[in-house]
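Protein chains: 2
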Amino acid sequence: MDSSDTQRKNIAIIGGGLVGSLNACFLAKRNFQVDIYEAREDIRVTKFARGRSINLALSYRGRQALKAVGLEDQVVAYGIPMRARMIHSLSGKKSAIPYGTKSQYILSISRENLNKDLLTAVEKYSNVKVHFGHKLVKCYPEKGVITVLGQDKVPKDVTCDLIVGCDGAFSTVRTHLMKKPRFDYSQQYIPHGYMELSIPPKNGDYAMEPNYLHIWPRDTFMMIALPNTNKSFTCTLFMPFEEFEKLLTSRDVLDFFQKYFPDSIPLIGKQALVQDFFLLPAQSMISVKCSSFHFKSHCLLMGDAAHAIVPFFGQGMNAGFEDCLVFDELMDKFNNDFSMCLPEFSRFRVPDDHAISDLSMYNYTEMRAHVNSRWFIFQKNIERLLHAIMPSTFIPLYTMVTFSRIRYHEAVLHWYWQKKLQKHPDQAYL
Amino acid sequence: MDSSDTQRKNIAIIGGGLVGSLNACFLAKRNFQVDIYEAREDIRVTKFARGRSINLALSYRGRQALKAVGLEDQVVAYGIPMRARMIHSLSGKKSAIPYGTKSQYILSISRENLNKDLLTAVEKYSNVKVHFGHKLVKCYPEKGVITVLGQDKVPKDVTCDLIVGCDGAFSTVRTHLMKKPRFDYSQQYIPHGYMELSIPPKNGDYAMEPNYLHIWPRDTFMMIALPNTNKSFTCTLFMPFEEFEKLLTSRDVLDFFQKYFPDSIPLIGKQALVQDFFLLPAQSMISVKCSSFHFKSHCLLMGDAAHAIVPFFGQGMNAGFEDCLVFDELMDKFNNDFSMCLPEFSRFRVPDDHAISDLSMYNYTEMRAHVNSRWFIFQKNIERLLHAIMPSTFIPLYTMVTFSRIRYHEAVLHWYWQKKLQKHPDQAYL
Numbered sequence: 000m001d002s003s004d005t006q007r008k009n010i011a012i013i014g015g016g017l018v019g020s021l022n023a024c025f026l027a028k029r030n031f032q033v034d035i036y037e038a039r040e041d042i043r044v045t046k047f048a049r050g051r052s053i054n055l056a057l058s059y060r061g062r063q064a065l066k067a068v069g070l071e072d073q074v075v076a077y078g079i080p081m082r083a084r085m086i087h088s089l090s091g092k093k094s095a096i097p098y099g100t101k102s103q104y105i106l107s108i109s110r111e112n113l114n115k116d117l118l119t120a121v122e123k124y125s126n127v128k129v130h131f132g133h134k135l136v137k138c139y140p141e142k143g144v145i146t147v148l149g150q151d152k153v154p155k156d157v158t159c160d161l162i163v164g165c166d167g168a169f170s171t172v173r174t175h176l177m178k179k180p181r182f183d184y185s186q187q188y189i190p191h192g193y194m195e196l197s198i199p200p201k202n203g204d205y206a207m208e209p210n211y212l213h214i215w216p217r218d219t220f221m222m223i224a225l226p227n228t229n230k231s232f233t234c235t236l237f238m239p240f241e242e243f244e245k246l247l248t249s250r251d252v253l254d255f256f257q258k259y260f261p262d263s264i265p266l267i268g269k270q271a272l273v274q275d276f277f278l279l280p281a282q283s284m285i286s287v288k289c290s291s292f293h294f295k296s297h298c299l300l301m302g303d304a305a306h307a308i309v310p311f312f313g314q315g316m317n318a319g320f321e322d323c324l325v326f327d328e329l330m331d332k333f334n335n336d337f338s339m340c341l342p343e344f345s346r347f348r349v350p351d352d353h354a355i356s357d358l359s360m361y362n363y364t365e366m367r368a369h370v371n372s373r374w375f376i377f378q379k380n381i382e383r384l385l386h387a388i389m390p391s392t393f394i395p396l397y398t399m400v401t402f403s404r405i406r407y408h409e410a411v412l413h414w415y416w417q418k419k420l421q422k423h424p425d426q427a428y429l
Numbered sequence: 000m001d002s003s004d005t006q007r008k009n010i011a012i013i014g015g016g017l018v019g020s021l022n023a024c025f026l027a028k029r030n031f032q033v034d035i036y037e038a039r040e041d042i043r044v045t046k047f048a049r050g051r052s053i054n055l056a057l058s059y060r061g062r063q064a065l066k067a068v069g070l071e072d073q074v075v076a077y078g079i080p081m082r083a084r085m086i087h088s089l090s091g092k093k094s095a096i097p098y099g100t101k102s103q104y105i106l107s108i109s110r111e112n113l114n115k116d117l118l119t120a121v122e123k124y125s126n127v128k129v130h131f132g133h134k135l136v137k138c139y140p141e142k143g144v145i146t147v148l149g150q151d152k153v154p155k156d157v158t159c160d161l162i163v164g165c166d167g168a169f170s171t172v173r174t175h176l177m178k179k180p181r182f183d184y185s186q187q188y189i190p191h192g193y194m195e196l197s198i199p200p201k202n203g204d205y206a207m208e209p210n211y212l213h214i215w216p217r218d219t220f221m222m223i224a225l226p227n228t229n230k231s232f233t234c235t236l237f238m239p240f241e242e243f244e245k246l247l248t249s250r251d252v253l254d255f256f257q258k259y260f261p262d263s264i265p266l267i268g269k270q271a272l273v274q275d276f277f278l279l280p281a282q283s284m285i286s287v288k289c290s291s292f293h294f295k296s297h298c299l300l301m302g303d304a305a306h307a308i309v310p311f312f313g314q315g316m317n318a319g320f321e322d323c324l325v326f327d328e329l330m331d332k333f334n335n336d337f338s339m340c341l342p343e344f345s346r347f348r349v350p351d352d353h354a355i356s357d358l359s360m361y362n363y364t365e366m367r368a369h370v371n372s373r374w375f376i377f378q379k380n381i382e383r384l385l386h387a388i389m390p391s392t393f394i395p396l397y398t399m400v401t402f403s404r405i406r407y408h409e410a411v412l413h414w415y416w417q418k419k420l421q422k423h424p425d426q427a428y429l
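First to last, the protein sequences are chains B and Y. In this text, residue positions in the first sequence follow numbering that gives the first Met the number 0: the first is 0, and each later residue adds one. In this text, residue positions in the second sequence follow numbering that gives the first Met the number 0: the first is 0, and each later residue adds one.
Honestly, the hints are just simulated from the structure, not real lab data. Cβ atoms here follow ideal geometry from the backbone N, Cα and C, with glycine treated the same way. Possibly wrong hints are sitting among the right ones.
[To be verified] Here are some chain B residues the structure puts well away from chain Y; computed CB gaps all over 12 angstroms:
hint, residue
1, 265
2, 335
3, 405
[Stated by the list, open to error] Under the rule of at most 30 angstroms between Cα atoms (straight-line distance), these lysine-lysine pairs were calculated in the BS3-like manner:
hint, chain 1, residue 1, chain 2, residue 2
4, B, 137, Y, 28
5, Y, 178, B, 295
6, Y, 66, B, 295
Turn these sequences into a full structure, and let the hints guide you.
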């Protein structure tokens, strides 16, 4: 790399969330002048705004990206390993189903802590500046100009060599790319909403087994719980908006939980359950697809801005982090030449991000149709058996997606092939 | 209708194109105060901007809408009836295939004249004002406020009871609705582009039979020609962009036409063909779908803004005009109550506009795959035969779509049923 060349190029990253701040680390390492524009105030000094889910499942792809900028160990240190799913049946019976081999696990990570650490890491680079409280109002991808609005409320034009939109599912950068010729786009909300609840510590310890991702599969309803470092769990209840709308009183909520998730009531606590349930309305989930992630050599989309996906494969953050890693690999290959890297990023990465989007949506529709605890356990046992018999031929889809960097679209092709092999259409994926 | 009530309500229509100006007539008749904001200057005094296709096929749905505001006769008077398709084979053989019975025909209409007439018609209402050269910059559907920019370049806020987005395939109003919760959206460009060419009059008369829609079906390439009142024809050549890109020189173009459309060369003229071919680049075609056409009782989308469709069923304008008529019928039914009419418009109309969108796209993919002149003639003859044998049971899809107001989605259902009946999957639709 010719650093004298790239040192003078400046990059504007829109959004200082998880993908924006990680991406800034990658680009800072390459000696670019990097400016992050983040609409919110610095979350390290102000209250962290609720909105997205509290905790996330970090797996192999995300870890590899963190590793490339030297942050893996630090992040993993406060992650809580989840080595298996813990399936809660309606009767209260619990069954553990390992995610893979003994060394394979996913990590429950606090979104807030991770974002804070990434911002602190990025600010260690002298060639990075984070502009908090700066909202993008306009973006001219063809000119490499952005208009930002800071605290002084005076719109300011900034010229840059590259605009990187890491501004999430409702990306402003993307709305400007959408006006470009031949840019295909879709956004789709699913009929389910989600709501977060909490299981507090019990006698100073975790109220359930900590090293598991707890799942209550109930066909069209589903609840999951991930452990936090403060010994609480964060539960996420997924169900159709129309079902949420039926629960209008405390009585309705308690009856509903008594019917579908009875073992969770003493864990959450009746009073807290009712209180939390009515604290915020159920949140919607959107799936966004773009036919391209770039415009010429001036503008790029990454993470949710490029491909917001539904959360049913736990790959949203991991896919976004892998975007950064893939782009970094292309920058190596093409010697930091934006005019080569940007088109190649779209060509290479779009099929993979579409594949994980489709898989996540497939998990959603399958789950909605017929995932109950008995079915789930049965499916997983079949997979484990097949994998045990033919370890190199049959690799569960979940393993390929979660514990490898096999390209997402290749994992799907291999999965199709395996399904043909076993003549069984319902190999599980959750 | 209580006119004292509605007289005070004001409606802002964004876009003074075909659908916007027709819609203004409907709403003016109901005594609303109507303001049209049109970004371009008045096309009756300035040069008509090229961009969209020059002529259009007006059929039953569009005519019914014009009739409801008393404009049908005037528009039909300068339309040129096309009673049949004229299929041009590669060898130069021409075969006429009627569209329906002797009394059924479609009309070739000049977009420019139609738009001018609609604007003149709308300005006859004292309660309508057309603001030319006024661009919508922002829109707050929840507040009923729009910000427009006139010639003075000073943004002006306007408050209104209803905002109607008739601002076309790249609608600005729609970009604001897209940010509303649970609004699903997709835009898709097709790989084909189109280019307009011209067949001038010959010895003062039409160079081909005038009362036909001329078609040169050549699988992935297709050309059509519609007659104009000045005795010329406007040809539209459809082909994949990648094929357009191969034709770089005059020689390439002439060779291409010699190979695929030899009979058209003397009609267009070699010199004009080459000149027109390189005048403008091929234009793209977009298909836009929305899951809803309204926001609360404040904002509505109609025409291309709600459902831009590919042009392969000739229903774009007709569907947009029928939108206006359907909304008018709902206003009758619900006594001008926006809070009833708007949700009902989405509920009722979305399935129909999705159906005509799908049919148009289906025509496109079928055409691309295997529409040549022999196939086309064969299909149409089968349909005519079936319709002759069972006139009330078997109605060609084309007839239902073009010569009736059978709801588009019901036409599709009936078509499915007919296809099952004849056990023949390829009933034609062009």
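- Looking back at the hints listed earlier, which ones does the structure fail to meet? 4, 6
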